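Going down the list, the protein sequences come from chains A and B.
Per this note's numbering, residue 308 is the first one in the first sequence, and the count goes up by one each step.
Per this note's numbering, residue 857 is the first one in the second sequence, and the count goes up by one each step.
None of these hints come from the bench; they were simulated from the model.
Check each hint, because a few of them may be wrong.
To be verified - DSBU-like, lysine-lysine: derived pairs with alpha carbons at most 30 angstroms apart: (1) A/Lys346 x B/Lys972; (2) A/Lys360 x B/Lys914; (3) A/Lys401 x B/Lys896; (4) B/Lys863 x A/Lys394; (5) A/Lys360 x B/Lys877; (6) A/Lys360 x B/Lys1009; (7) A/Lys401 x B/Lys914; (8) A/Lys352 x B/Lys1009; (9) A/Lys401 x B/Lys863; (10) B/Lys877 x A/Lys445; (11) B/Lys1009 x B/Lys972; (12) A/Lys401 x B/Lys877; (13) A/Lys352 x B/Lys941; (14) A/Lys360 x B/Lys911; (15) B/Lys1009 x A/Lys394; (16) A/Lys360 x B/Lys1076; (17) B/Lys972 x A/Lys352; (18) B/Lys1009 x A/Lys446; (19) B/Lys863 x A/Lys446; (20) B/Lys870 x A/Lys360; (21) A/Lys389 x B/Lys978; (22) B/Lys911 x A/Lys394; (23) A/Lys394 x B/Lys896.
Values in this document were obtained by computation on a predicted structure and should not be read as measured data.
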Amino acid sequence: MAEFSPRITLFCCESCGFPAAERAVKQGYSLSPECRLIKIPCTGKLDVLYILKAFEAGSDGVAIAGCPEDACRYETGSLRAKNKFDKTRAILEKIGIEPERIKRWQVSSSMGEKFSRLLSAMEEELANLGPLFPDRLKKRGDN
Amino acid sequence: MIVAEQKPIEEVLKSIEPFDKILVLGCNTCVAVCMAGGEKEAGILASMIRLAREKAGKLVDVLEKTVERQCDDEFLLAEKELYDKVEAVLSTACGVGVQQLSALLQIPVLPALNTKFMGGTKDHGTWSERCSGCGDCVLELTGGICPVSRCAKTLLNGPCGGSADGKCEVNPDTDCAWQLIIDRMTALERLDKLLEIQPAKNWKTARDGGPRTQTREDVKL
């Protein structure tokens, strides 16, 4: 059986998280084809619904990559993202999904190395947890 | 608005356990404003149900729809074809909406919310009870602050001996309604109005007279 490669959706702030991902790639980090980056204007715009939809759509994990809390250009965006993140973690726990499947990172645009380190660690953790829905993975493999 | 909150998800999942195809029906009026059952909250609930049931190995088909108001048949009947496709409806309306729809359908209509009170927005994300629907408004006498809904003892001649430092003895986080009334009437220079002793309230106009119905003959056809 092929090694499980977790599918991760990354919601990235266009000011910090997304440039950090670009920088990581420029620095030689190889982004897994199972990682999907979604650029959003601010992680404060993120909603619980988007995160749950990402899991519904087949993600094994979701990461929110936003600015450090004191460096959000919209002032409260990262704090809003924290509230949504905390709420979603609580929801996941209640519906029987490991809360470790969601991460929140605070990275500035220059932190390519930190971005790649956090993503690698997440991939490793998710690989140990296994697929969110093993039956779907089987179908993924069949295709 | 009517203020409600979502039931614990465990309770919701238990109520829909026997069904394999449900409709989550949102309501875009009061419960959307208090962020409990509008289109977004109905969507989140639908996602939670799909994920929870798949994780538990018991897949469920969840349809989603949100109507403008579940307390009016005209909005509910517009979605008639959806009800035929499911075994049950999970309503994110207040208790009024659930009952309104239940009366129209032959399938179970289940509540996803606990309806709490009639209230207003205090600040973003906080709502406070403001009206008990007693059917005989006394706000003219009390400076626009309702002693029926905001005084823990529903006193019409207050404050009671439990008022201390402007707070209620029932809950120190709650302002004493009668302290608020006195402050407000003082500011309005109408404090003398409070010297009039109010007789015992006639609760016949409230819930104590049983479920109430109101009819406007002039708008009937």
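Consistency of the hints with the structure:
Between A/Lys346 and B/Lys972 the alpha-carbon distance is near 39 angstroms, which puts this suggested pair outside the 30 angstroms criterion. Restraint check for A/Lys360 and B/Lys914: the C-alpha separation of about 19 angstroms stays at or below 30 angstroms, so the hint holds. Annotation: proposed proximity of A/Lys401 to B/Lys896 holds, straight-line Cα distance about 19 angstroms (limit 30 angstroms). Between B/Lys863 and A/Lys394 the CA atoms are separated by roughly 15 angstroms; this keeps the pair inside 30 angstroms, and the hint holds.
Distance check on the hinted pair: A/Lys360 and B/Lys877 sit about 19 angstroms apart at the alpha-carbon level, within 30 angstroms; holds. Under the criterion of a C-alpha separation no larger than 30 angstroms, the hint pairing A/Lys360 with B/Lys1009 is inconsistent with the structure, at around 46 angstroms. With a C-alpha separation of about 16 angstroms, the suggested pairing of A/Lys401 with B/Lys914 holds against the 30 angstroms cut-off. At roughly 43 angstroms between alpha-carbon atoms, A/Lys352 and B/Lys1009 are farther apart than 30 angstroms, so this suggested pair is violated.
For the given pair, A/Lys401 sits about 13 angstroms from B/Lys863 by alpha-carbon distance, which is consistent with the 30 angstroms threshold. Proposed proximity of B/Lys877 and A/Lys445 is supported: the alpha carbons are some 24 angstroms apart, at most 30 angstroms. Restraint check: the Cα-Cα separation between B/Lys1009 and B/Lys972 comes to about 18 angstroms, which is no more than 30 angstroms; the hinted pair holds. Of the pairs offered as hints, the one joining A/Lys401 and B/Lys877 holds, with about 22 angstroms between alpha carbons and a cut-off of 30 angstroms not exceeded.
Under the criterion of a C-alpha separation no larger than 30 angstroms, the hint pairing A/Lys352 with B/Lys941 is inconsistent with the structure, at around 34 angstroms. This hinted pair checks out: A/Lys360 and B/Lys911 have alpha carbons roughly 15 angstroms apart, not beyond 30 angstroms. In summary, the hint linking B/Lys1009 to A/Lys394 is not supported, as the alpha carbons are separated by about 36 angstroms, beyond the 30 angstroms threshold. Distance hint between A/Lys360 and B/Lys1076 is unfulfilled; the C-alpha atoms sit about 46 angstroms from each other, more than 30 angstroms.
Note on B/Lys972 and A/Lys352: the hinted pairing holds, with a Cα-Cα distance of about 29 angstroms set against a maximum of 30 angstroms. For a cut-off of 30 angstroms, the pair hint linking B/Lys1009 to A/Lys446 is broken: about 62 angstroms separates their Cα positions. Of the pairs offered as hints, the one joining B/Lys863 and A/Lys446 is violated, with about 34 angstroms between alpha carbons and a cut-off of 30 angstroms exceeded. Among the hinted pairs, B/Lys870 with A/Lys360 is consistent with the structure: their alpha-carbon atoms are about 22 angstroms apart, no more than 30 angstroms.
Restraint check for A/Lys389 and B/Lys978: satisfied, since their Cα atoms lie roughly 23 angstroms apart, inside the 30 angstroms limit. For the proposed pair B/Lys911 and A/Lys394, the alpha carbon gap of about 19 angstroms is at most 30 angstroms, so the pair holds. A distance of roughly 15 angstroms separates the Cα atoms of A/Lys394 and B/Lys896; the hinted pair therefore holds under the 30 angstroms criterion.
The structure shown violates the earlier hints numbered 1, 6, 8, 13, 15, 16, 18, 19.
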